[in-house]
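Kindly produce the complete structure, drawing on both the sequences and the hints.
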Amino acid sequence: MRASLALIAALLATPLAGQDSMPPAPYAYRQLEDPAQEAKARELMETLRCLKCQSQSIADSDAPMAGDMRSQVRIRIAAGEEPDQIRRWLRERYGDYVSYKPEVSAATWPLFAIPLLLMLVAAAILWRRIGTRR
Amino acid sequence: MNRWRLWVPLLLFLGFVGLAGVMLAKPKSEFVESRMVGQELPYFALRPAAPDRPGLASADYKEGQPRLLNIFASWCLPCAAEAEQLRRLAEQGAVIDGIAIRDKPADVAAFLARYGNPYRAIGADDLSEVQLALGSSGVPETFVIDGRGRITYQHIGDIRAEHVPILLEKLEEAGA
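In order, the protein sequence lines correspond to chains W and P. Each residue of the first sequence is one higher than the one before, counting from 0 in numbering that gives the first Met the number 0. Each residue of the second sequence is one higher than the one before, counting from 0 in numbering that gives the first Met the number 0.
Don't take every hint at face value.
With a Cα cut of at most 30 Å, we get these calculated DSS-like pairs of lysine-lysine [to be verified]: (1) 61/P <-> 103/P; (2) 100/W <-> 27/P; (3) 51/W <-> 39/W; (4) 25/P <-> 51/W; (5) 39/W <-> 100/W; (6) 51/W <-> 27/P; (7) 51/W <-> 100/W; (8) 103/P <-> 51/W; (9) 25/P <-> 100/W.
By construction, these hints were calculated from the structure, which means they are not laboratory data.
This is the structure we're talking about:
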């Protein structure tokens with residue numbers, strides 16, 4: 000009993016360092032008033048990678064830096080910036096890494112071309128088989 | 000006829016396994032490098048983060064002297080660990096500016112009192128805005144800025160003893 004209480008206490012204790020004591024950024028956890036703008040911001044945030052946590056989007060992460068990124072995304076959307084502009088701004092700083100949105104580029108085009116090619120080959124084989132049977 | 004054709008799928012498969020093996024054996028870089036290296040410092044003007052040092056603005060970097068720009072925070076343990084190396088860099092003539100990320104003035108003051116203050120100026124970046132504009136993805140990071148305000152080098156993570164000569168050399172290259 001005592002051991003399990005100690006365990007629970009240990010699990011609930013927060014580490015002393017490694018997290019700042021500042022309040023979250025203004026729009027880290029607050030939605031925009033305009034639902035259309037919020038939807039736009041939300042869609043963008045779900046496809047931006049949290050740089051501290053690396054396998055979460057900034058929409059999913061509770062890291063303070065992700066909160067700061069969400070706040071910046073919302074403020075910029077509210078100021079009338081387009082999601083693509085914001086994504087480009089971040090990609091200019093962090094590279095493709097920051098974006099989860101698939102992008103056709105010099106390095107990624109085979110990923111899009113190969114499935115198409117395979118489908119064409121499969122169609123050709125099917126065509127020949129069905130053709131020869133008749 | 001065409002017996003060699005039977006081997007094509009196996010060869011393709013082996014090729015794939017080989018490629019996967021080679022790529023998996025490569026160690027993955029843990030760092031997200033900034034694409035801003037080689038570019039002009041983005042515009043910023045930050046209030047002072049500590050009582051006895053001025054704040055920091057991008058305009059300060061047009062004075063012709065290269066400097067180190069250290070991104071740190073009082074709540075960050077590796078930042079405390081690199082304090083000793085920053086002190087050595089300052090002793091050897093490096094001018095160091097700091098940007099404190101998400102930090103309260105009292106916490107910054109306590110941190111500097113405990114680990115030393117090698118900074119010429121310290122700006123407070125409360126919403127990580129300048130950090131994002133610099134393409135920095137964590138604390139601590141250290142940038143080398145040349146005399147015209149261009150970023151010439153990025154060091155990611157805490158500075159250890161072996162990094163001191165590298166940073167001094169990069170400062171030299173930037174025109175110190």
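These are the hints, each one checked on the structure:
no., hint, result
1, 61/P <-> 103/P, "holds, 28 Å"
2, 100/W <-> 27/P, "holds, 21 Å"
3, 51/W <-> 39/W, "holds, 23 Å"
4, 25/P <-> 51/W, "holds, 22 Å"
5, 39/W <-> 100/W, "holds, 15 Å"
6, 51/W <-> 27/P, "holds, 16 Å"
7, 51/W <-> 100/W, "holds, 18 Å"
8, 103/P <-> 51/W, "holds, 21 Å"
9, 25/P <-> 100/W, "holds, 25 Å"
When each numbered hint is compared with the structure, no violation occurs for any of them.
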